[in-house]
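2 protein chains.
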Amino acid sequence: MSNKKRPTINPKASERVHKRRKPLPEVDVLMEGILKGDRVLLSKAITFIESEHPTHQDISRQLIEHCLKARKPSIRVGITGSPGVGKSTFIEALGKHLLEKDNPLAVLAIDPSSQISHGSILGDKTRMQVLAADQRVYIRPSPAGNSLGGVAQKTRETIILCEAAGFENIFVETVGVGQSEIAVHSMVDCFVLLLLPGAGDDLQGIKRGIVEMADLVVVNKADTGRQQLAAESRKAYKNALHLFPPKENNWIPQVLSCSALENTGIAEVWAAVNDFRKHTSANGTFEEHRQTQARFWLYESIHQQLKRQFFEHPNIKTQLAQMEKQVEAGELSPFRAASDLLALIKISAK
Amino acid sequence: MSNKKRPTINPKASERVHKRRKPLPEVDVLMEGILKGDRVLLSKAITFIESEHPTHQDISRQLIEHCLKARKPSIRVGITGSPGVGKSTFIEALGKHLLEKDNPLAVLAIDPSSQISHGSILGDKTRMQVLAADQRVYIRPSPAGNSLGGVAQKTRETIILCEAAGFENIFVETVGVGQSEIAVHSMVDCFVLLLLPGAGDDLQGIKRGIVEMADLVVVNKADTGRQQLAAESRKAYKNALHLFPPKENNWIPQVLSCSALENTGIAEVWAAVNDFRKHTSANGTFEEHRQTQARFWLYESIHQQLKRQFFEHPNIKTQLAQMEKQVEAGELSPFRAASDLLALIKISAK
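Sequence order for the protein chains is A and B.
According to the working numbering, the first sequence is numbered sequentially starting from 920.
According to the working numbering, the second sequence is numbered sequentially starting from 920.
Heads up, some of the hints might be wrong.
If chains are identical, the list can't say which one is meant, so a pair holds when it fits in one copy or spans any two.
[To be verified] Computed list of lysine to any residue pairs in SDA-like fashion (alpha-carbon distance at most 25 angstroms, straight line):
#	residue 1	residue 2
1	K1157	I1171
2	K1265	H1208
3	K1269	Q1241
4	K1197	D1142
5	K988	E1231
6	K1236	L1263
7	K1244	L1017
8	K1265	H1222
9	K1244	R1209
If you are wondering where the hints come from, they were derived from the structure by calculation, not from laboratory data.
All values reported here derive from a predicted model rather than from experimental measurement.
Looking at chain A on its own, in the form it has when it is part of the complex (with noise of 0.2 angstroms):
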């Protein structure tokens, strides 16, 4: 699969011909392919997901309607930790784990850096030899964008589509360094922190706010003869987590240890996201979490879409710019200013 062979499905919509690119699948194609699990025909589909050329808005919209519709069971787990944690290789030993009991599993990625490098940095399946080569796993790196908000939403309509062609096990993997734990963390069901043993008793390089969101901590890299400094660490964690208050859902975040490399403690992670799916499924705040989650894109992208209408209007864009010295100056108060750009517009039917 390569971003840059993009199919056009109504080449006279486009006013791009591309002459040299192949007729295109229909919608119906697509989604049989993805119904019996084809992991090419869902790549495609993905493709269209992740294009940002309208005339393929259509296929995609079509694509999400079939595959809503077709939807099974599934759990989502959200993975997280900073550079040099290890995501690559636990994730690597817990899909192989999730293999030996035969669970289809995808890997997606949310990377917002990879405006420039394409999503190569994360979900590159270079790093994930066992998984890439099983035709079980559907790995799929972290589409392009200019946004945090548009990466998050191709990423959240891929689960959908992953989900269709029965994927049962979807792993989303990003970044432990910034905004993109809370886009993952609102479109998985579990959210895993991995953490280093002994990396001093703070959580340096970890963002304030992350840790609060965790359901599970795993503090990576218990190899052989770091044991000891593994469990001194997850019994601090485990002390510190005791201190927030109890989570929504009553579930008690638990504090694991595992080596990814020498794959110990894999099996009591997985373990861990079954418990947890238990729990939750049974008072019902699992599903009632999705609930959440989807009213949350849906208001967050009506404030996104709304914000950018309003920010790009000619008659507020002359004025923000000076208001917005004045206010920082304190020569005007913040809430007359914005009552003062308020008036210059108005919201009417189209």
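Starting from the structure of chain A, add chain B where the hints point.
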């Protein structure tokens, strides 16, 4: 000061003529009073800020503009904690300490639940008898309002007026149960979280994320016979805070203990506030933080007003309810639903 007697500056402009009300002091008179530190005229001016009456908007706008120009250096301290932690006693003790140094003090409050009680819960003068009786102290209960955003706006503008009136020390009190701390945190320089000694090892009752916002954590009620317990709690909280990554201003949150009742440890709390002020002033983050806050309120206020206009539009109202249900049920992609909704309206110049 009574909210019931709301003065109007221009009875002709008002549709309802309030015959029994006294003719109003002009903005000039109010400003002269504020600049002299006249508490009666300051209260009258704040009543305009708090008023929802359209004819008062012009006056409050002018007052704020004048006061922004007349502002003096100040420190704004946010104080929060669960009910029962002793906020009033703590503020009374800390305020008395300031008065010993002849420092004027304004005590404001944000209580979103005070819509009905008109702010009687917090900032109640009867609970701060020494402060209430002192001419160097100005106490104002929480403004009423239909939304936290509205209440926060009024309090933030009240801070501006108090600063122009020469109150160099501004305390903003709030309850430790929700969104109101985030509002207070975004309008103060230094955020103080009060906790009880030995209240278990967890922060029960304190919302997730509040602890991370604290610049100072104070274990109150370290009264005679409970000092050992308080010392243990202090140590536990100190260890827990140590696990958080450093703040952007490079300030390491301090954990102290005090007995507001027995007046021990209070001077140390105020010394820590001063340390915070010196530290952040020296590295430039004090002023930077205020600029960030002003920008935050500008954009927050724009977003709120924009959303209100959008969601109140009849075309949106009728469609949204139905779409939200489909999105929650997983039948419709939230992103597509948002695009469809946005397609119903347009933003144009007035």
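Right, here's what the structure says about each hint:
For a Cα distance limit of 25 angstroms, the shortest separation of K1157 from I1171 qualifies both inside one copy, at 10 angstroms, and across copies, at 22 angstroms. Taking the shortest Cα distances, K1265 and H1208 never come within 25 angstroms of each other, neither inside one copy (36 angstroms) nor across copies (33 angstroms). Taking CA atoms no more than 25 angstroms apart as the test, K1269 paired with Q1241 passes between copies only; the shortest distance there is 20 angstroms, against 30 angstroms inside one copy. Taking the shortest alpha-carbon separations for K1197 and D1142, neither the intra-copy value of 30 angstroms nor the inter-copy value of 45 angstroms comes in at or below 25 angstroms.
When the C-alpha separation of K988 and E1231 is checked against a cutoff of 25 angstroms, the pair qualifies neither within a copy, at 36 angstroms, nor between copies, at 31 angstroms. In this homomeric assembly, K1236 and L1263 come within 25 angstroms of each other (Cα to Cα) both inside a single copy, at 11 angstroms, and across copies, at 23 angstroms. With identical chains, the CA atoms of K1244 and L1017 are never at most 25 angstroms apart, being 55 angstroms at best within one copy and 35 angstroms at best between copies. For the identical chains of this complex, K1265 and H1222 are neighbours both inside a copy (16 angstroms) and across copies (14 angstroms), given an alpha-carbon limit of 25 angstroms.
With identical chains, the CA atoms of K1244 and R1209 are at most 25 angstroms apart between copies only, with a shortest distance of 13 angstroms across copies and 41 angstroms within one.
The structure fails to meet hints 2, 4, 5 and 7 from the earlier list, while all remaining hints are met.
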